[in-house]
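K.L.:
Protein chains in written order, with this note's numbering: chain A, 1 to 115; chain B, 1 to 112.
Any given hint could turn out to be false.
[Unchecked claim] Examples of chain B residues lying across from chain A (beta carbon under 8 Å, computed):
#1 V38
#2 Q41
#3 G42
#4 P43
#5 F45
#6 A87
#7 P97
#8 I101
#9 Y102
#10 G104
[Claimed, not checked] Taking lysine to any residue and the SDA-like style, the derived pairs with C-alpha atoms no more than 25 Å apart in a straight line are:
#11 B:K52 to B:Q41
#12 A:K49 to B:P97
#13 A:K22 to B:G40
Just so you know, the hints here were simulated from the structure itself, not pulled from any lab data. Even glycine gets a Cβ: it sits at the ideal position worked out from N, Cα and C.
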Amino acid sequence: AQSVAQPEDQVNVAEGNPLTVKCTYSVSGNPYLFWYVQYPNRGLQFLLKYITGDNLVKGSYGFEAEFNKSQTSFHLKKPSALVSDSALYFCAVREQSGGSYIPTFGRGTSLIVHP
Amino acid sequence: DAGVTQSPTHLIKTRGQQVTLRCSPISGHKSVSWYQQVLGQGPQFIFQYYEKEERGRGNFPDRFSARQFPNYSSELNVNALLLGDSALYLCASSLEPGNTIYFGEGSWLTVV
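Only chain A is shown next, with the shape it has when bound in the complex:
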């Protein structure tokens, strides 16, 4: 079985400061990992994914995520937060092979960037 945990319901950060949104996962084999963002009353937008290779993945809007296999984590980061980054962020995981092709999503983390 595959699962995702987003341990923080909400993250608060001041504009211009670095931000981190945490995600840990559990899969039987190697993972594919994803981050999506959801703005109010909208669908989810794809930000970035990890498949293999470099542990630091760069995505849209200046976001990046670091894959750590030993800690089974895939934290989302941005060096300098913007007020417009305020949204709901979802981490998702699926097994690379031998399992379902369907990703499992976390509960989401609300990011609030203060001016």
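Keeping the supplied structure of chain A fixed, place chain B upon it in accordance with the hints.
P.N.:
Relative to the frame of chain A, chain B by itself:
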């Protein structure tokens, strides 16, 4: 290029009624998935279709059904609506199962 499009965007139904939600995938995408998102939760998987065949089904009752058409568009049907079916229903498409999925804006269903 157009993204995933869903209709209707909002609808209100009465308990016991039936609803049909529609989805058109990104051009060239052959796989469509449906998710239910209730307030405060992440998307929960309902169905996946590929080449008109069901490839996966989540833990939802038989009141939920779906199909995919030859043009790869899809419909989600929910019968005998319950208050608990009130949610945002998201459609997502991908080139094939296993590729990155891209979501539409969703259909907001309110059951009263």
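K.L.:
None of the hints should be skipped; say for each whether it holds.
P.N.:
How the hints compare with the structure:
1. V38: violated, 11 Å
2. Q41: holds, 6 Å
3. G42: Since the shortest Cβ distance to chain A is 4 Å, the answer is holds.
4. P43: It holds, given that the least Cβ distance between B:P43 and chain A is near 5 Å, below 8 Å.
5. F45: Since chain A brings a Cβ to about 5 Å from B:F45, closer than 8 Å, the hint holds.
6. A87: violated, 13 Å
7. P97: Status holds, d = 4 Å.
8. I101: holds, 7 Å
9. Y102: It holds, given that the least Cβ distance between B:Y102 and chain A is near 6 Å, below 8 Å.
10. G104: holds, 5 Å
11. B:K52 to B:Q41: Distance of about 29 Å is beyond 25 Å: violated.
12. A:K49 to B:P97: Satisfied, since the Cα-Cα distance of roughly 16 Å is no more than 25 Å.
13. A:K22 to B:G40: Satisfied, since the Cα-Cα distance of roughly 17 Å is no more than 25 Å.
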